[in-house]
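K.L.:
Chain residues, written in single-letter form:
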Amino acid sequence: MNLILRVTIVFVFVSLIVFLIGGVISFNIMMREVNQEQRRFLIERLDRVSVMLERRPPKDTIDRNKFFMYPLAEFTEERVIFSDTLVMHSQLERIEPHLKVEAIRNVNGKSYAIILYDIIIEPDDIQDGLVESLVKMYLILLLAVIVIGFLSSYYFLKPFNETLSVIKSFSLRESGQKVHFPRSGIRELRRLNQFLEDMTHKVRSDYQLLKEFSENASHEIQTPIAIIQGKLEVLMEGEHMSEEQIGQIISAQNTLKRLSNLSHSLSILTKIENKEFDKISRVNLSDRLNSLLDEFRELIDLKSIMLETEITPEVFIEADDVLLDLLLTNLINNSIRHNWENGDIQISLTQKAFEVVNSGKDLDLDPDELFTRFKKSNQSSSSLGLGLAIVKKICDFYGFSLKYTQSGKQHRLKVVFRKN
Amino acid sequence: MKLLLVEDQLELANSIVNYFSREGDVCEAANSFNRASEKLYGYQYDILILDLMLPDGNGMNLLSLVKENWPQMGVVIISAKNALDDKLKGLDLGADDYLPKPFHLAELNARTRAVFRRRHQKGQNLLTFKEIELNLETHEAKVNGSTLELTRKEFELLHYFFVNENRLLTKQTIAEHLWGDYMDSADSFDFVYQHIKNLRKKIASAGGNDYLKTVYGVGYKLKDE
Chain D
1 MNLILRVTIV FVFVSLIVFL IGGVISFNIM MREVNQEQRR FLIERLDRVS
51 VMLERRPPKD TIDRNKFFMY PLAEFTEERV IFSDTLVMHS QLERIEPHLK
101 VEAIRNVNGK SYAIILYDII IEPDDIQDGL VESLVKMYLI LLLAVIVIGF
151 LSSYYFLKPF NETLSVIKSF SLRESGQKVH FPRSGIRELR RLNQFLEDMT
201 HKVRSDYQLL KEFSENASHE IQTPIAIIQG KLEVLMEGEH MSEEQIGQII
251 SAQNTLKRLS NLSHSLSILT KIENKEFDKI SRVNLSDRLN SLLDEFRELI
301 DLKSIMLETE ITPEVFIEAD DVLLDLLLTN LINNSIRHNW ENGDIQISLT
351 QKAFEVVNSG KDLDLDPDEL FTRFKKSNQS SSSLGLGLAI VKKICDFYGF
401 SLKYTQSGKQ HRLKVVFRKN
Chain A
1 MKLLLVEDQL ELANSIVNYF SREGDVCEAA NSFNRASEKL YGYQYDILIL
51 DLMLPDGNGM NLLSLVKENW PQMGVVIISA KNALDDKLKG LDLGADDYLP
101 KPFHLAELNA RTRAVFRRRH QKGQNLLTFK EIELNLETHE AKVNGSTLEL
151 TRKEFELLHY FFVNENRLLT KQTIAEHLWG DYMDSADSFD FVYQHIKNLR
201 KKIASAGGND YLKTVYGVGY KLKDE
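Note that the protein sequences, when read in sequence, are chains D and A. My numbering puts the first residue of the first sequence at 1, with every later residue one more than the last. My numbering puts the first residue of the second sequence at 1, with every later residue one more than the last.
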């Protein structure tokens with residue numbers, strides 16, 4: 001429900017209540033005025049009757065239209081009493097409420113009772129009139145509110161909607177130029193646009209800085225590693241190196257390699273997070289998997305692992321081929337690394353899913369933590385604990401689901417590409 | 001082989017120059033875009049080893065300059081940026097190879113030599129060491145004229161030893177050369193030993209001598225004693 005519609009509905013309800021209360025108030029005020037007028041009118045008539053009474057006091061009861069007068073037997077104090085009464089209306093031929101005045105006048109020591117009643121406007125006429133006019137006014141108001149609502153939502157909210165569409169198409173990655181929001185004559189919108197302009201600019205430059213930092217950090221680490229690596233190699237070539245010394249150098253080199261891999265993996269994770277892998281193409285996953293398995297064949301054979309594959313040909317996935325390669329490589333790597341000698345691996349690829357099942361010892365960590373960074377089953381192993389974190393990140397990026405299950409000594413990692 | 005190394009990290013440059021000089025190659029170093037172009041205009045080089053990140057200019061520009069003026073010169077890019085973009089761009093601009101930092105000097109040596117052979121020794125596809133002969137075109141290995149039945153990996157391994165003659169190649173270096181990124185799944189590099197063992201066996205049965213020396217159990221060296 002949009003803002004204008006909601007405001008209109010609230011307005012319609014509130015105005016309905018206002019009209020109801022207003023109607024009651026108007027009715028009361030009008031009735032009061034009419035009553036006053038009627039009283040004045042009756043009193044005028046009473047005065048005229050009094051004058052007539054003084055001139056020619058009646059002997060008997062006089063009963064005319066809406067007028068009674070009769071002499072009283074006893075002397076009574078003068079008084080005027082107003083009251084309401086129901087009288088048959090002569091023209092309308094129905095009972096109508098009338099205003100009645102009963103007065104006692106004393107003329108020449110004799111008391112006379114005078115009763116007058118009349119009606120100027122009937123209360124139900126006033127009520128009918130009020131209701132009719134209020135309903136018409138309410139309908140006009142309703143129409144006006146709806147028309148104005150839609151017009152204003154179109155004209156006043158136009159710049160707002162333009163701003164919205166600008167934000168919608170906002171992308172972090174287009175650095176450099178500022179985002180331009182439409183000019184608006186409305187102060188609030190102008191302030192909003194100004195704020196958004198500043199904010200998007202800031203967000204972009206911060207993002208840029210962060211990106212540069214994480215990329216640079218990764219490169220800057222590789223350079224000193226390269227220097228150390230070179231030095232170690234020159235050192236190793238030197239004369240008179242003992243077996244122990246060379247062993248130490250090799251161990252330093254291995255550690256250095258891990259450091260380099262670590263920084264490389266972290267930079268990949270950052271790049272995925274920064275959505276830098278955006279070269280989407282139609283990748284033939286079956287072909288990629290087959291050629292990767294060829295590369296791995298020797299490593300699999302070296303561990304005497306039984307490999308069974310069931311690969312559906314012509315499985316196409318729309319994604320960045322680098323990421324898909326990483327996904328496959330890391331999963332296959334994982335199944336070899338955590339396998340044992342003479343173990344087995346079953347790999348299957350269908351249109352819907354990619355699955356790797358391998359033998360291996362029990363996990364000694366919570367399966368839910370398997371995909372978090374730096375979690376590894378064997379803390380002392382040379383693995384970085386980033387492989388599955390990268391796989392998870394890639395799956396999240398493309399909306400694939402990644403599931404780990406274990407049955408007996410069999411570990412199953414399943415990537416589902418399409419849900420249905 | 002005459003090399004120009006463009007690398008702003010002095011320490012790394014020293015190691016590389018040192019490594020190549022021992023091989024008997026001439027290797028000069030420049031640490032900036034300007035120094036490199038001065039040297040390029042002044043002297044003749046076979047191969048340019050280029051770091052893409054230079055303090056006073058983009059390495060890519062230097063690459064275009066070289067390709068424009070000295071199209072015969074082979075270019076090997078070494079870069080701390082392991083970005084696929086840079087790699088593709090570099091190769092598109094005419095670089096012959098791309099090696100991300102950090103690398104083993106033996107690997108740089110092998111790659112540089114491969115580029116040198118392709119660029120400047122056309123037709124010379126034969127590498128020989130004593131009675132062993134490698135044909136890089138047909139991927140054939142011969143000992144005293146009789147052909148060895150080598151797998152692709154065994155041939156590559158032997159080739160790697162040939163270009164790094166007399167140098168200690170650790171198991172790690174060999175594994176990385178042969179399997180690249182995939183060797184991450186290996187728990188140890190003992191499988192390198194399997195290949196060496198097979199290679200020795202094949203050479204010996206063809207009547208060749210064993211020139212693959214085991215060094216302290218950490219690596220191997222192709223050496224004639």
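The set of hints was computed from the structure by calculation and includes no laboratory data. Heads up, some of the hints might be wrong.
With the Cβ distance kept under 8 Å, some of the chain A side facing chain D (calculated, not the full set) [to be verified]: (1) A80; (2) G94; (3) L105; (4) N109; (5) K153; (6) L168; (7) T170.
Note that the Cβ used here is the ideal one computed from N, Cα and C, for glycine as well.
K.L.:
Compare the structure with each hint and give your call.
P.N.:
Evaluated hints:
A cut of 8 Å between beta carbons decides the hint on A80/A: the least distance to chain D is about 4 Å, and the hint holds. Because the beta carbon of G94/A sits about 22 Å from the nearest beta carbon in chain D, more than 8 Å, this interface hint is broken. The restraint placing L105/A at the interface with chain D holds, with a minimum CB-CB distance near 5 Å, inside the 8 Å limit. Among the interface hints, the one on N109/A is violated; its C-beta lies about 10 Å from the nearest C-beta in chain D, farther than the 8 Å criterion.
A hinted interface residue such as K153/A counts as satisfied when its beta carbon comes closer than 8 Å to some beta carbon of chain D; here the least separation is about 7 Å, so the hint holds. Residue-level restraint check for L168/A holds (minimum Cβ-Cβ distance to chain D is 6 Å; threshold 8 Å). Annotation: T170/A was flagged as interfacial toward chain D, and the flag holds, the nearest CB pair being 6 Å apart, inside 8 Å.
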